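A.B. asks: Chains A and B, in that order, are what the protein sequence lines are.
Those letters in the first sequence? Residues 566 to 630, by our numbering.
Those letters in the second sequence? Residues -11 to 806, by our numbering.
Check before you lean on any hint, since a few could be wrong.
Claimed, not checked - Selected chain B positions facing chain A (in silico; Cβ < 7 Å):
(1) Leu143
(2) Leu144
(3) Arg145
(4) Asp151
(5) Arg153
(6) Ile408
(7) Lys463
(8) Phe465
(9) Thr467
(10) Tyr468
(11) Val471
(12) Thr472
No lab work stands behind these hints, which were simulated from the structure alone.
Bear in mind the structure is a predicted one, so any value in this text is a computation, not a measurement.
C-beta atoms are modelled at their ideal positions from N, C-alpha and C, and glycine is treated no differently.
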Amino acid sequence: MSSEKPLTNEVQDVPQKIFEKFLEELKNVEVSSDVVDRLKVVILSEDTPSEQTLKTALFSDTQSL
Amino acid sequence: MIRVKKIEILEFRGIRKLVIDFKNQNFAICGRNGTGKSGVVDALEFALTGNISRLSGSGTGGISLKDHAPHVDSRNDPDKARIILTISIPSLNKDVVIERTVKDPSNPKITPSNPDILKILNEVATHPEFALSRRELIKYAISAPGDRAKEVQALLRLDKVEDLRTVLQKIANANKKEVPPLKREKDDAQKQLLLALEITEFNQAKLLEAVNVRRTVLDLGAIITLTPTTSLRDGLAAGASKIIHIPKVQALADIKKLRDLISSITSAETATQLLALREKLNTLNSDPAILAGVTREKFLRSAIQLVDAESCPVCDTAWNPAELKQLIEGKLKTFDAATAKRAEIEKELEPFSENLQELHVALTSVEGYGALLKPVIDTKEIKNFKGVIQKKKGHIQSFLPLPETMSAIDTYSVIPESVIGLVDAIEKAVTAIPDPTKQDAARDYLTISQERLEAYRAISLRHKQAEERAELTTKVFDTYAKVTTEFLNGIYKEVEKDFTELYRFINKDDEGGFTAQLTPSIGKLGFNVDFYGRGYFPPGAYHSEGHQDGMGLCLYLALMKHLLGKAFTFAVLDDVLMSVDSGHRREVCNLLKEKFPDTQFILTTHDEVWLKHMKTAGLIPNTSSMYFKKWDVDHGPSEWNDRNIWDEIDEDIKNNDIHSAASLLRHYLEFVSSEICHRLRAKVEFRGDAQFQLGDLLPPATSQFSKLLGEGEKAATSWGKTAEAAAIKKRKDDFDALVTQSQLENWQTNSAIHYNQWMNLGASDFAPVVSVFRKLIESFFCVEANCVALFHVVPERGQRESLKCACGTININLQKKP
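Pulled out of the complex, with its shape left as it was, chain B reads as follows:
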């Protein structure tokens, strides 16, 4: 996507005015905590995205970009707080300047501007993860699986995928829920139709046979085929389509049906069944443990139905439906015994609630006849009883609270005398109605049957449509879930492979066979790593903090590589990897340099030695760094570009601060000697406590370098490369002369020139010492401006083959002609 060339920061965060020339290459900013490094990271993020994550994430209540991004003295003038960032876009071969103010963060001035440039800048703006801090890095490695999944999903922009999944699942669930009530309604309508048709089996032949008997009575032609639009009363006069009198035969059949139901409900057999059921309910109700389990299980089952929405239906608190569902399902597993018990009793209760529904339908039919009788029979008691039946049915279906279900079972067979009396009265009045003629009975039969057939057809259609909708939405959701799972599994497999490779690279000394497992599941991303072949464990279980830091970085890099591919051209690593030890830091530098050669890294660190590692490893060119020495609110960070240790020592000498100059020289020489010994494979007297002093390191370093140059000269001579041999010899002679000048060999015998005594020297005596050591140390570095890295022996182990620098300008063969 982009690389950064230059940034100008004005009145922003802790910075008053600062210009940094990144030179389009890797760059490091070093400074103690509180010296303003993060202000630069914030400025980069703000210039590219219009936002500052650390001012807008969780836990930043009361802090806002507009109020707190400007320098504290310019907080009332956000227009002054501005960033001018010059970037290059390699794919377009263009340089672009972005100028953004805190006053109007959404409308940066972009020069030049065209759709191609804007497209790329928009892509950058949607990827604030180009900046990674240690806090964020840890989130990838050792956070809980649910949190990690969120972070990774956010990085891969999967929020939209999850949003769509939630809505599709909600639609599928809602449509599935619509089917069962419609099925029950359809079954009821069918029963009513059969009752009117006076048949017991629902099929076309039986139906037409019964209907055609009545049609023959009325001299109407027989119906041969039943189609969805067939009218059973086809041929009857239109005016007779509504019954305004009581169809005696049908009414008596409906009353008989009601009486049969009442007999069944009040029978001795039912009483026995109810007693057995009541026993089971009693047992359940008297065991507090099982009862609590059943209660909680039922509650959790209801909850799982409600978590389709994005927020709690009670308090509107936002939640993650997938995560919550998984949590509830986990809890439900602990109620297995209660679940089995409840399911068994609920199954036995089902026929009882179905019977109550049938009783309700039958009472409704008979209730209707009361209003048609002359004189009218008041059926208020039936209406009230129907209300009671609905309540009982509801209690039985709900199952909980148990006392209500038990009460419904206790009163299940109770039919009020007043209702029985009304049924008797209606039956008596209907019986008293003169018998209809055969023709009238046939006409009533066809009319009522047609009415009920139409009702059945209507509910059948609704049921069929609901089933189709449920099937479609389930199919759509299942397909979405399958595609998403397969796709994400594929991504995670690739990331897992890349992560393993990267981590092995930085830990090849002790974890060369390392492997890892990224395991996605609904709403979670498990992450287990191999611990020295002893099994897979979470990263935080056994690995050291330093290794965990390394894992976080490697997982981040693997994800970015997958997400951005070749467009991963820019990243800011803000004080990450502080826990990584020096040996592995070198490998981290090599990792960034070798595996991501096209990515520009802007690194911040509060550790000067870490910066030195970056430089000597060739990750950061010597001229591409900046030190923040101190910070104060009035001036912001005080810094100087490309801090040169020698300039600082000279400055101290000039100020006659020999103590500081000597201390700085000694510490730097200790650090750089250690690096030289490592890179030249020098033999250093081993110390178990690793407390090497300058005297332990510098002599082996110079001795090894001289020896290697000698070997190089001999090798060149053996191959007949006379000029090359002469050049190497000159380099060796010059170097040996510098060693002599430094009087290194005399340290042990002459305390007057020992480094411990440097701070007792005067300025005029110390300056030449510094000058010699400067020349001596610079001899170990490549002089090319773009390299300035330490020479190193290749390979790192085994037979020495060559002495090289990072850029390849120096490449001295160490192997003689056989």
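Pulled out of the complex, with its shape left as it was, chain A reads as follows:
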């Protein structure tokens, strides 16, 4: 194949790559590093993060809903 991207031995984990890029990008739009760290734990460790765990990660240093 003439695709410029070389083939790798790794199976592509597309969701994982998107999540990592998303968390990195959050820092560029001035989301606090605490929020990013908490989101990272929830998103990368939980198979399907629930609404409540995401809310806790987003708001635990301001005010919970």
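With chain A's structure known, arrange chain B on it following the hints.
C.D. replies: Quick look at chain B alone, frame taken from chain A:
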């Protein structure tokens, strides 16, 4: 990831007992429909994933793995239904045996087992798409964009990405919705504060100026700066922090405010505005088309707010929020005229609902004074009226149903006499209260102002926090949407490029300039392909069924290449590409062989000729195939490995079934002659109907081969390669002798030896014929065990350069020394 070496299938689906040695290489299973081929595909999937897609997908209600995976006679004993699969893991250089039973599909016995092996097996288990059937292949090519997006998303494991997007959007929407009511509450609190402060402009200087006038009266120091914790009544005794009497000045100000509002609401100017509004509502209400549009538009707008959840809030039916949202947005576009009309009137209605809210707040203040008066004034009528106001406000804000809004407008200026009477009575009683001393008035002023300032501060804080939450969650969702879109666009661009390249490869004869467009949008994946330079259309629009099959396969391969990279080492193609014509099948074989040399393909087909194509193209080694001849419920498929056409003919002769043997020999010779002519670039008398018979094909094939060997001999001699020239000459002489023995040249003149007469021969006469043709045909094949492919001329067009086999063992130069 893996390659498969051997499978043992016991009491599984339609199979009683079957052992297949895949030999770690490409393998084909051929058999008519219903002979048990798919049972092998199911067994492979089950061994690797613990599941059988065709027993668990949509439309399989009432069918389950546990009840229906075992052979029907072992359905009550699922432990008997088991698969023992031996695989190799190239990256670990290890062979692993997986033994899985239908009784306990989640706990296979894996030997040997270690974390590295388990990791790879887990990866395989999450990729059941290594098996592709024609039904699934079509899903990639000609399904609706929404369905295709689902299939591709499932293949790329994007369900998790979509799930997170849904939740983040839900959180962002919920937080955005919280802000406007809090803003209204904050504005109301500010108005009440200004009223208490007796100022009209909300700024620190004006506030402190007014407050310090009262503090001077009470000999309290002036407040210089207003901080978030400043108390306006700082220095007053703590006991005076609650008003237990009526603050006359404030009460009269509140009553005046109420009266001003009532005057405004009942003024002639308001009446004129209401009349104009009513006219517009009448027009709207009397035009059924616009009214229907407005009604549906409003309904759809409400619906779009509710589709954040994963299911319908009414009946709990699961839905795809993104897809549904896009559908609703599409419908909303048809109501543009109605939307504009509704938006215009709603804007004009806004001040009226705001006035009603203000009236409600003002009535609440005055209502409170009634309870403090002595004697107490019963304000029940005010309370009831407040309920009416809330209802009217609700109707105006909701807009629909229109009759309720029209009714609210009609009664907008109606203030019950009883309420006016109560306001009069309260004002009279408050006025009768002795005027407070300057000090008392100042104390009441500071106390009430402080109360209202605290209320304002509290609601301001809540509003600010809500705004911050809305900003954060919107930012998080927007970032997620942006990253996801960019990432997926990147993936789809790569897949689009690879797909185009693969499809061009198999259709280079007529679509060498083919291009395609994969266009992702929310919840959809558009797929348009170039049709001979006339524009881009969906694959099903103009392309033939065969081309669509080719597109499905190419899109699948492009996706798998992207998803698995070098780990794409194994795939099962279950009876795919049935609609592809013979010319393109050859190219498909070349595609799989050349573009995916490290992938082991297990292919099933019900078409024997297709299998022959695979073999002669060198995709399937001659010894790596299996034929399922027939199937019955008691025994499962009857098969024989590496079916050898010659053995079968011999068997027929042995059974004195010359008719069958002759028919088989003739059909096989027709097929293989056609392949030889193609590969050797032989000149065949053209037939527009393509109905070539053996007599049209075999003589040109043998003649061309002999000619090529002659050219090879001359070329070798010209280069001084004497030994090579001698070897080629021997090959040619042997071949020519076989041609002579076959009496091909005499077919046209001697009907006694014509193939049409074979079936009239006896066994003893026919056996030598078969023997000669067997030797003759085998001369066209490479004898290497791993090759056994037909010789072919290189290149396919233009000046002939060499005669080769697939493995390169035979490579006869055809070009003489200049």
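A.B. asks: Evaluate each hint against the coordinates.
C.D. replies: Going down the list of hints, with the structure as the test:
1. Checking B/Leu143 against chain A by beta carbon gives a least distance of about 10 Å; that is not within 7 Å, so the hint is violated.
2. Because the beta carbon of B/Leu144 sits about 5 Å from the nearest beta carbon in chain A, less than 7 Å, this interface hint is met.
3. The beta carbon of B/Arg145 comes within 6 Å of a beta carbon in chain A, closer than 7 Å, and the hint placing it at the interface holds.
4. The beta carbon of B/Asp151 comes within 6 Å of a beta carbon in chain A, closer than 7 Å, and the hint placing it at the interface holds.
5. About 10 Å separates the beta-carbon of B/Arg153 from the nearest beta-carbon of chain A, more than 7 Å, and the hint is not met.
6. Evaluation of the B/Ile408 hint against chain A yields a violated restraint, the C-beta minimum of about 43 Å exceeding 7 Å.
7. With its C-beta approaching chain A no nearer than about 6 Å, B/Lys463 sits inside the 7 Å limit, and its interface hint holds.
8. Interface hint at B/Phe465: violated, since its Cβ lies 10 Å from the closest Cβ of chain A, which is beyond the 7 Å cut-off.
9. The interface hint given for B/Thr467 is met, as the beta carbon of that residue sits about 5 Å from the closest beta carbon of chain A, less than 7 Å.
10. Interface restraint check: B/Tyr468 against chain A, minimum CB-CB distance 5 Å, threshold 7 Å, status holds.
11. Contact between B/Val471 and chain A, as hinted, is supported at the beta carbon level, the nearest pair being about 4 Å apart and thus within 7 Å.
12. The beta carbon of B/Thr472 is positioned within 7 Å of a beta carbon in chain A (closest approach about 6 Å), and the interface hint is therefore held.
Violation of the numbered hints given earlier is confined to hints 1, 5, 6 and 8; the remaining hints are satisfied by the structure.
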